[in-house]
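Work out the full structure, taking the sequences as your base and the hints as a guide.
There are 2 protein chains.
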Amino acid sequence: MSREVDVAIIGAGSAGLFALSQVRRKTENFVLIDGGELGTTCARVGCMPSKVFIQVAADYHRRTIFDREGINGADSLGLDKPAVMEHVQDLRDTFVDRTLGATDALDEAHLIAGYATFVDDHTLEVNGEQYKAGAIVIATGTIPIVPETWQSFRDDIITTDELFEHEDLPASVAVIGLGSIGLEIGQALSRLGVEVTGVDMLENVAKLQDPVVNKLVVETIGREFPLWLGEAAQLEKTEQGIRVRSGDKEVIVEKVLASLGRKPSLDRLGLGNTSLQLDAKGVPVFSPETMQCGNSSIYVAGDVIVDRPLLHEAGHEGRVAGYNAVHQGAVAFRRKTALAITFCDPDIATVGAQLDELDESTIAIAQMQFAPVGRALILGKNRGVLRLYVNKSDGLVLGAAMACVKGEHLAHLLAWSIQQGMTVFDMLKMPFYHPVIEEALQGALYGVLSELDIEEETVELEKL
Amino acid sequence: MSREVDVAIIGAGSAGLFALSQVRRKTENFVLIDGGELGTTCARVGCMPSKVFIQVAADYHRRTIFDREGINGADSLGLDKPAVMEHVQDLRDTFVDRTLGATDALDEAHLIAGYATFVDDHTLEVNGEQYKAGAIVIATGTIPIVPETWQSFRDDIITTDELFEHEDLPASVAVIGLGSIGLEIGQALSRLGVEVTGVDMLENVAKLQDPVVNKLVVETIGREFPLWLGEAAQLEKTEQGIRVRSGDKEVIVEKVLASLGRKPSLDRLGLGNTSLQLDAKGVPVFSPETMQCGNSSIYVAGDVIVDRPLLHEAGHEGRVAGYNAVHQGAVAFRRKTALAITFCDPDIATVGAQLDELDESTIAIAQMQFAPVGRALILGKNRGVLRLYVNKSDGLVLGAAMACVKGEHLAHLLAWSIQQGMTVFDMLKMPFYHPVIEEALQGALYGVLSELDIEEETVELEKL
Numbered sequence: 001m002s003r004e005v006d007v008a009i010i011g012a013g014s015a016g017l018f019a020l021s022q023v024r025r026k027t028e029n030f031v032l033i034d035g036g037e038l039g040t041t042c043a044r045v046g047c048m049p050s051k052v053f054i055q056v057a058a059d060y061h062r063r064t065i066f067d068r069e070g071i072n073g074a075d076s077l078g079l080d081k082p083a084v085m086e087h088v089q090d091l092r093d094t095f096v097d098r099t100l101g102a103t104d105a106l107d108e109a110h111l112i113a114g115y116a117t118f119v120d121d122h123t124l125e126v127n128g129e130q131y132k133a134g135a136i137v138i139a140t141g142t143i144p145i146v147p148e149t150w151q152s153f154r155d156d157i158i159t160t161d162e163l164f165e166h167e168d169l170p171a172s173v174a175v176i177g178l179g180s181i182g183l184e185i186g187q188a189l190s191r192l193g194v195e196v197t198g199v200d201m202l203e204n205v206a207k208l209q210d211p212v213v214n215k216l217v218v219e220t221i222g223r224e225f226p227l228w229l230g231e232a233a234q235l236e237k238t239e240q241g242i243r244v245r246s247g248d249k250e251v252i253v254e255k256v257l258a259s260l261g262r263k264p265s266l267d268r269l270g271l272g273n274t275s276l277q278l279d280a281k282g283v284p285v286f287s288p289e290t291m292q293c294g295n296s297s298i299y300v301a302g303d304v305i306v307d308r309p310l311l312h313e314a315g316h317e318g319r320v321a322g323y324n325a326v327h328q329g330a331v332a333f334r335r336k337t338a339l340a341i342t343f344c345d346p347d348i349a350t351v352g353a354q355l356d357e358l359d360e361s362t363i364a365i366a367q368m369q370f371a372p373v374g375r376a377l378i379l380g381k382n383r384g385v386l387r388l389y390v391n392k393s394d395g396l397v398l399g400a401a402m403a404c405v406k407g408e409h410l411a412h413l414l415a416w417s418i419q420q421g422m423t424v425f426d427m428l429k430m431p432f433y434h435p436v437i438e439e440a441l442q443g444a445l446y447g448v449l450s451e452l453d454i455e456e457e458t459v460e461l462e463k464l
Numbered sequence: 465m466s467r468e469v470d471v472a473i474i475g476a477g478s479a480g481l482f483a484l485s486q487v488r489r490k491t492e493n494f495v496l497i498d499g500g501e502l503g504t505t506c507a508r509v510g511c512m513p514s515k516v517f518i519q520v521a522a523d524y525h526r527r528t529i530f531d532r533e534g535i536n537g538a539d540s541l542g543l544d545k546p547a548v549m550e551h552v553q554d555l556r557d558t559f560v561d562r563t564l565g566a567t568d569a570l571d572e573a574h575l576i577a578g579y580a581t582f583v584d585d586h587t588l589e590v591n592g593e594q595y596k597a598g599a600i601v602i603a604t605g606t607i608p609i610v611p612e613t614w615q616s617f618r619d620d621i622i623t624t625d626e627l628f629e630h631e632d633l634p635a636s637v638a639v640i641g642l643g644s645i646g647l648e649i650g651q652a653l654s655r656l657g658v659e660v661t662g663v664d665m666l667e668n669v670a671k672l673q674d675p676v677v678n679k680l681v682v683e684t685i686g687r688e689f690p691l692w693l694g695e696a697a698q699l700e701k702t703e704q705g706i707r708v709r710s711g712d713k714e715v716i717v718e719k720v721l722a723s724l725g726r727k728p729s730l731d732r733l734g735l736g737n738t739s740l741q742l743d744a745k746g747v748p749v750f751s752p753e754t755m756q757c758g759n760s761s762i763y764v765a766g767d768v769i770v771d772r773p774l775l776h777e778a779g780h781e782g783r784v785a786g787y788n789a790v791h792q793g794a795v796a797f798r799r800k801t802a803l804a805i806t807f808c809d810p811d812i813a814t815v816g817a818q819l820d821e822l823d824e825s826t827i828a829i830a831q832m833q834f835a836p837v838g839r840a841l842i843l844g845k846n847r848g849v850l851r852l853y854v855n856k857s858d859g860l861v862l863g864a865a866m867a868c869v870k871g872e873h874l875a876h877l878l879a880w881s882i883q884q885g886m887t888v889f890d891m892l893k894m895p896f897y898h899p900v901i902e903e904a905l906q907g908a909l910y911g912v913l914s915e916l917d918i919e920e921e922t923v924e925l926e927k928l
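Chains as they are written, first to last, in our numbering: chain A, 1 to 464; chain B, 465 to 928.
Derived by calculation from the structure, the hints in this document are not laboratory data. There's no promise every hint is true.
As the list claims (entries may be wrong) - Cross-link-like lysine-lysine pairs, in silico, BS3-like; alpha carbons within 27 Å at most:
hint	chain 1	residue 1	chain 2	residue 2
1	A	26	B	545
2	B	545	A	381
3	A	463	B	927
4	B	679	B	856
Only a predicted model underlies this, so the values are computations on that prediction, with no experimental measurement involved.
Quick look at the structure:
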């Protein structure tokens with residue numbers, strides 16, 4: 001038996017749900033297929049619980065400034081770690097419940113619980129039943145990477161999919177992999193009293209391309225817990241715990257947090273039965289502007305693409321895939337200006353083009369250290385740096401990298417400015433309040449003026 | 465004896481120094497005249513020390529969320545008030561020192577210590593010496609208003625010019641005047657353990673025009689300390705302290721914080737000797753685009769205008785006045801989009817046009833309550849509201865008012881967007897990260913779509 005539908009969406013996570021929102025503007029003849037637990041990666045194990053965890057760590061860490069501010073008794077503060085975890089879980093459950101609203105409203109003719117396998121480019125099989133679909137959206141997400149060699153002590157490994165299920169925290173943890181997630185969770189664990197050692201085979205953390213920003217991050221966070229960079233970690237189970245070696249350093253820890261990244265959930269899809277061309281990771285080759293795979297009626301969206309595993313990108317991709325799944329011809333849409341934030345202290349953020357995408361001979365780098373930024377000094381957080389990449393010829397701002405307090409907000413201001421094609425001169429004509437962190441951006445913009453090939457007589461003023 | 469100079473600037477505060485920066489691009493034949501203590505209002509008694517004070521109060525207040533987060537021992541925290549004040553003074557001194565850098569570098573031929581009086585439109589007298597100036601910039605700033613009837617117990621009155629000089633805090637304070645400064649200092653005092661009563665003859669605080677935002681602020685801050693609104697305060701000295709009456713309410717307090725606003729420092733200027741037309745407050749009538757007073761060679765800048773007593777506006781006005789003082793013809797410059805922030809918790813901010821400037825029949829109001837905003841919930845600060853004023857016909861965003869966590873950053877994003885003429889549709893195509901407070905703006909923008917006269921097929925997506 002086979003059902004015919006206009007669209008089949010595989011995966012009821014964020015990208016699938018955003019795709020669905022577009023599909024339903026045109027048709028109710030769809031199926032949303034999901035074989036796992038409902039609720040998005042973002043709400044269940046990603047953005048949301050991690051931000052709660054990080055917030056508690058930040059609030060607890062803030063006690064280190066109390067003495068300077070005239071607040072007594074910081075030494076009397078302590079942590080009830082099970083209570084911390086319960087707080088994280090309570091809020092997480094709230095967020096998961098919200099995402100379930102979208103699927104709760106679907107009947108069993110629309111929401112299919114099971115794993116889909118491609119029969120051909122237009123046919124899926126789920127639980128023994130076939131679905132012929134006019135268009136198919138693949139939004140199956142990712143699963144954490146745990147190396148094969150670690151499987152013999154899998155119980156000692158925690159992935160971020162599992163961390164927030166724990167009712168208590170281990171005494172010591174090695175964080176293997178210092179991308180955004182490893183670095184932010186590692187710092188939070190450390191601030192919550194866990195003995196943390198961070199290890200990464202790369203010298204740069206949080207995927208930073210900018211050496212100045214990376215150096216500041218490594219030095220600043222490295223004062224809170226050791227960061228072992230540049231050599232791969234070797235793990236070995238011992239009676240005392242897991243021995244972690246990196247170069248000539250070693251430590252024995254209770255648990256290992258595996259934050260080596262996530263791999264696309266593609267194993268069950270049977271993509272070999274389609275006409276699709278696959279890349280080295282097994283992901284269908286697709287257009288980032290249409291989300292279409294080759295010339296097929298198959299679209300991809302969300303983390304499964306691996307490229308930009310961020311909720312707002314999954315939203316964008318889901319919308320584009322969903323739109324094109326119900327419209328003739330694959331319409332190309334402009335990608336949003338790249339924006340990535342690591343919720344460490346200091347915030348780490350990158351916006352627009354990064355150094356590996358730029359020709360350094362044609363750009364000037366606007367740099368502002370946070371030491372003299374008044375508001376940062378008031379916050380006791382004036383260790384930071386902001387770097388802007390600016391076209392020398394016309395002052396166009398192309399990208400930025402930063403590690404600084406309130407970086408998440410500066411990053412939005414910059415992303416919007418870059419997406420609108422603003423130059424250094426345009427930005428200096430905008431209002432900067434006082435005393436605010438945005439003045440660091442103003443400082444960076446002023447600083448780069450002398451390095452540009454053009455100049456304006458009244459930089460901050462616009463003649464009427 | 466009389467000296468001839470190209471430009472005389474009266475007042476070495478922020479506006480005067482910004483004017484000077486423009487003047488010195490053209491001439492070194494200037495005098496900067498100041499009769500008071502050097503250092504700006506901003507650094508000495510305004511923006512900077514108040515922000516330090518507010519930061520300590522916010523950090524101390526944060527303990528109220530600790531129990532919920534699993535952090536023990538909040539009850540053991542206490543305040544060393546003299547240490548708090550010392551911290552405020554230490555940082556303030558740092559900021560004052562920086563502003564002195566600009567005047568320290570001037571010799572006594574350029575920096576004149578004394579009060580200037582106009583002899584005529586081109587002539588000033590200072591310390592018995594006359595200066596004939598091609599152009600004159602008035603940037604004399606303001607002084608706090610203290611009613612004449614309070615002078616008999618002046619020692620019990622504290623102005624914000626004096627507050628940060630104190631070595632300790634009083635046990636109880638009535639804050640009279642709940643504009644931005646009164647409200648933010650009142651809340652900080654309350655959080656630092658002072659018994660605070662706030663009084664204002666108006667029903668709206670922080671100059672808010674928006675009734676929804678005002679209501680939220682009054683209710684939220686009113687839970688921390690009483691706000692007596694709508695009737696003027698009557699003060700009377702008693703043996704127990706100052707009796708403050710407002711309508712049928714009364715309280716006896718140790719000190720009164722006078723935050724009734726500031727008045728322009730014009731008394732010594734002898735403006736009657738000029739040809740200038742003066743307004744009801746005695747401020748010369750001027751053009752906000754050129755800062756020129758009538759057709760004279762006299763310009764005004766900064767708080768003395770009373771209209772926009774904000775550092776960044778003083779900076780803008782100072783630059784325009786300084787530019788025009790050394791250029792032929794008064795060049796008109798575009799004013800920046802209005803941006804005002806009150807550093808309370810929640811932040812209060814207004815951007816662009818406010819309701820009293822708008823025709824409500826032609827606008828739709830985009831409103832977002834913060835209760836469901838994920839990041840606000842994580843921060844434990846989801847009591848807030850954001851309101852955007854949008855042109856119904858084309859979706860142009862005209863203004864905004866808000867009271868919410870991180871409002872200062874949302875306000876910048878909105879001010880820049882409004883200054884660039886962005887519509888609701890333009891803004892929805894920008895990146896919004898997750899989970900961030902900026903998503904509240906996204907929510908407001910979505911919410912108003914159905915109230916606009918126009919629609920777009922792909923609201924969040926831009927076709928290539």
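Hints versus structure:
For the hint pairing residue 26(A) with residue 545(B), the CA-to-CA distance comes to about 64 Å; that exceeds 27 Å, so the pair is violated. This hinted pair checks out: residue 545(B) and residue 381(A) have alpha carbons roughly 22 Å apart, not beyond 27 Å. A hinted pair counts as satisfied when its Cα atoms are at most 27 Å apart, and residue 463(A) with residue 927(B) does not qualify at roughly 34 Å. Restraint check for residue 679(B) and residue 856(B): satisfied, since their Cα atoms lie roughly 25 Å apart, inside the 27 Å limit.
When each numbered hint is compared with the structure, violations occur for hints 1 and 3.
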